[in-house]
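Q: Model the placement of chain P on the given structure of chain F, informed by the hints.
Respectively, the protein sequence lines represent chains F and P.
Residues 1 to 235, numbered by the working numbering, are exactly what the first sequence covers, in order.
Residues 1 to 221, numbered by the working numbering, are exactly what the second sequence covers, in order.
I should point out that these hints are in silico values taken from the structure, not numbers from a laboratory.
Any given hint might turn out to be false.
When the alpha-carbon atoms are kept at most 30 Å apart in a straight line, the in silico DSSO-like pairs for lysine-lysine are as follows [unchecked claim]: (1) P/K181 <-> F/K154; (2) F/K154 <-> P/K30; (3) P/K181 <-> P/K151; (4) F/K217 <-> F/K207; (5) P/K102 <-> F/K142; (6) P/K50 <-> F/K75; (7) F/K142 <-> P/K156; (8) P/K209 <-> F/K75; (9) P/K177 <-> F/K154; (10) F/K53 <-> P/K181; (11) F/K75 <-> P/K181; (12) F/K142 <-> P/K30; (13) F/K116 <-> P/K102; (14) F/K220 <-> F/K66; (15) P/K102 <-> F/K154; (16) F/K142 <-> P/K50; (17) P/K151 <-> F/K229; (18) F/K218 <-> F/K43; (19) P/K151 <-> F/K154.
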Amino acid sequence: MKPQFEHPVCDECRSRLGNVFCSLTASQVNEMDSEKNCSIYKKGQIIFNEGNKPAGVYCVNKGKIKIYQTGEEGKEQILRLVKEGDVLGYRSLISGEAYSGTAAVMEDATVCFIPKRTFFDFLHTNADLSTQMMQLLSHDLKEAESRLTGLAQKPVRERMAEALLMLLEFYGTDKEGAINAVISREDIANIVGTATETTIRILSDFKSEKLIDLIGKKIKVNNHQGLVKTAHIYD
Amino acid sequence: MATNTGLEEIIKNYGELTQFIFHKNDVLFKENDQPAGLYCLESGSVKIFKEEHDQQERILHLATAGEILGLHSVVNNHPYTNSAAAISETRASFISASEFMKLINSNNTYKLLVMKSLCSRIDSMEDHIVRISEKMSDERFADTLLVLVEKYGVNKTKDLNIHLSIDELASYTCTSKSYMKKIITEFTHRGLITFSGGNIKILNLPLLKSTAVVNVRPAAL
Numbered sequence: 001m002k003p004q005f006e007h008p009v010c011d012e013c014r015s016r017l018g019n020v021f022c023s024l025t026a027s028q029v030n031e032m033d034s035e036k037n038c039s040i041y042k043k044g045q046i047i048f049n050e051g052n053k054p055a056g057v058y059c060v061n062k063g064k065i066k067i068y069q070t071g072e073e074g075k076e077q078i079l080r081l082v083k084e085g086d087v088l089g090y091r092s093l094i095s096g097e098a099y100s101g102t103a104a105v106m107e108d109a110t111v112c113f114i115p116k117r118t119f120f121d122f123l124h125t126n127a128d129l130s131t132q133m134m135q136l137l138s139h140d141l142k143e144a145e146s147r148l149t150g151l152a153q154k155p156v157r158e159r160m161a162e163a164l165l166m167l168l169e170f171y172g173t174d175k176e177g178a179i180n181a182v183i184s185r186e187d188i189a190n191i192v193g194t195a196t197e198t199t200i201r202i203l204s205d206f207k208s209e210k211l212i213d214l215i216g217k218k219i220k221v222n223n224h225q226g227l228v229k230t231a232h233i234y235d
Numbered sequence: 001m002a003t004n005t006g007l008e009e010i011i012k013n014y015g016e017l018t019q020f021i022f023h024k025n026d027v028l029f030k031e032n033d034q035p036a037g038l039y040c041l042e043s044g045s046v047k048i049f050k051e052e053h054d055q056q057e058r059i060l061h062l063a064t065a066g067e068i069l070g071l072h073s074v075v076n077n078h079p080y081t082n083s084a085a086a087i088s089e090t091r092a093s094f095i096s097a098s099e100f101m102k103l104i105n106s107n108n109t110y111k112l113l114v115m116k117s118l119c120s121r122i123d124s125m126e127d128h129i130v131r132i133s134e135k136m137s138d139e140r141f142a143d144t145l146l147v148l149v150e151k152y153g154v155n156k157t158k159d160l161n162i163h164l165s166i167d168e169l170a171s172y173t174c175t176s177k178s179y180m181k182k183i184i185t186e187f188t189h190r191g192l193i194t195f196s197g198g199n200i201k202i203l204n205l206p207l208l209k210s211t212a213v214v215n216v217r218p219a220a221l
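Just chain F, same shape as in the assembly:
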C-alpha cells in the first residue's frame, strides 16, 4: 500500500508557534488548517522561482531552504536561509510583485502553502498578525543592511568567519557539536559571495588554525572566540 503523507495539523504544529501565525485566533487556525496544502520537497527541489507571481505564502514545518538570486553570469547569491518555523514568500505577496528570488530545498522539507486570499483576510482582520508582519519586515530590512555593510567592507576571510558564526547561530549544533545543517561548499560560497575554490581554501585554513573542524560535510566550530576575532565583530 502506498504510504500516506500525514498533513501537519496547524493547531498542533510547533513550528507555527514560533512564527507570526502564533497570533491567529482559534477559528483562524482552523480556517488556515482547512485552506492550506502541504507538500514534501526533496533536496534540490524548487518551491518557487524568481520572476513568478506569488499565489500565497509558505510556512515551513520541517527542513532547510535557501533563497537566492541568480546574477547576470548565472552565479547564485544566497540572500536568506530559512528553517522550520519560518514563513517565506510573504514579501512578494505583500508588495504585489514577482518573486525576487528562487527558493530551493537544502534539506528535505515539509512546507505548507497558505493561499493569498486567506493570508490577506487574516492580515486585515487580525491586528496582532499585521503588527508582527510589520516587525518581521523591519527586522528583515535591518538584516539586509548589515549583510550589505559586511559584504561591501570586509575581506573574504572575515566574511567567511562571519558566515560560519551566522550559520551556527541560525541552525544550532547537533550531538557532536557541529553546525546542525549540511551545507555544500558551493552554497557557503554563495552566502559569502565568493568562489567555491576560495571557500574550500579558507575552510582548510581555518581548520589548520584549529578554528573549526570538518566532520564529513559538517562544520564544527572549535574556537568561537577566535572566529569572532577573525570576523572582526566588535559589538
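A: Quick look at chain P alone, frame taken from chain F:
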C-alpha cells in the same frame, strides 16, 4: 527607488507634523540613537549610511523626495540602524514615533502600507547586495551612475541633479577612494562622463548602460 505606497499622504493628512529644512551635511538622525520618529522627504536628497569601525562611512542608500526615513527602527522600537544626513538642501516633515504608532494602530490597512514600504526598501537593498557580490568596480560605478540618473535625473546640460564627492561615490559604489579616482579617469577617457567638483555630466548613456552589464573577461589577462 521611491515607491509611492500612499503611506506618506496618510502621514501628511494626519497633522502632528513638524517641518524641517536641512542644509548640506546636516544630520537627520544618528545610528544607535533611540528612534525619535520618522521623516517624510519632500525635496532634496539624503544619504543613509553606517559608520564603520575605521570611521569610514558606508552609504547604503540615497533617498529622494517621497521616501520615508527611519521607518523600520520606529516600527521595531530599536535604535536607528543607520545615520541620515542631507547631501543637498532638503525639506522634510517629521512625525514622532509615538504619534506614528498611534496613527498606524488605528487602522489595519495602514499597517499594510507600512509593510509595502518596507518591502520596497528590502528589495533595493538586496539588489545592491547582488550587485556588489558579482560585479567589478567599474561595472558597479556604471550601475551607480544609472541609479543616480533614474533617481535624480539630469538637466538640460546633461548634469546630474545631485552633487556627490569622490568619497561618497566610492562609498556608494563600495570601492576605495583611490580606485574610484582611477575609474573616473578611465570613464572620462572613454567619453562616458566628466567629473568636476562633485558635478557629474553624463555624456554617453547607452555606453554607460552596456558598461554596467557584467562583462565576460578574457580568461588569460
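Q: Each hint: holds or not?
A: For each hint, the structure was consulted:
1. P/K181 <-> F/K154: holds (21 Å)
2. F/K154 <-> P/K30: holds (23 Å)
3. P/K181 <-> P/K151: OK: P/K181 and P/K151 at ~23 Å, within 30 Å.
4. F/K217 <-> F/K207: Holds, because 13 Å separates the two Cα atoms, which is no more than 30 Å.
5. P/K102 <-> F/K142: holds (23 Å)
6. P/K50 <-> F/K75: With a Cα-Cα distance of about 28 Å, the restraint between P/K50 and F/K75 holds, given a limit of 30 Å.
7. F/K142 <-> P/K156: Cα-Cα ~38 Å, so violated.
8. P/K209 <-> F/K75: It holds: about 21 Å lies between the C-alpha atoms, which stays within 30 Å.
9. P/K177 <-> F/K154: Distance of about 16 Å is within 30 Å: holds.
10. F/K53 <-> P/K181: The hint is violated at about 42 Å.
11. F/K75 <-> P/K181: Distance of about 29 Å is within 30 Å: holds.
12. F/K142 <-> P/K30: holds (15 Å)
13. F/K116 <-> P/K102: holds (28 Å)
14. F/K220 <-> F/K66: Given that 30 Å is the threshold and the Cα spacing comes to 21 Å, the pair holds.
15. P/K102 <-> F/K154: violated (40 Å)
16. F/K142 <-> P/K50: holds (12 Å)
17. P/K151 <-> F/K229: violated (39 Å)
18. F/K218 <-> F/K43: holds (16 Å)
19. P/K151 <-> F/K154: holds (28 Å)
Violation of the numbered hints given earlier is confined to hints 7, 10, 15, 17; the remaining hints are satisfied by the structure.
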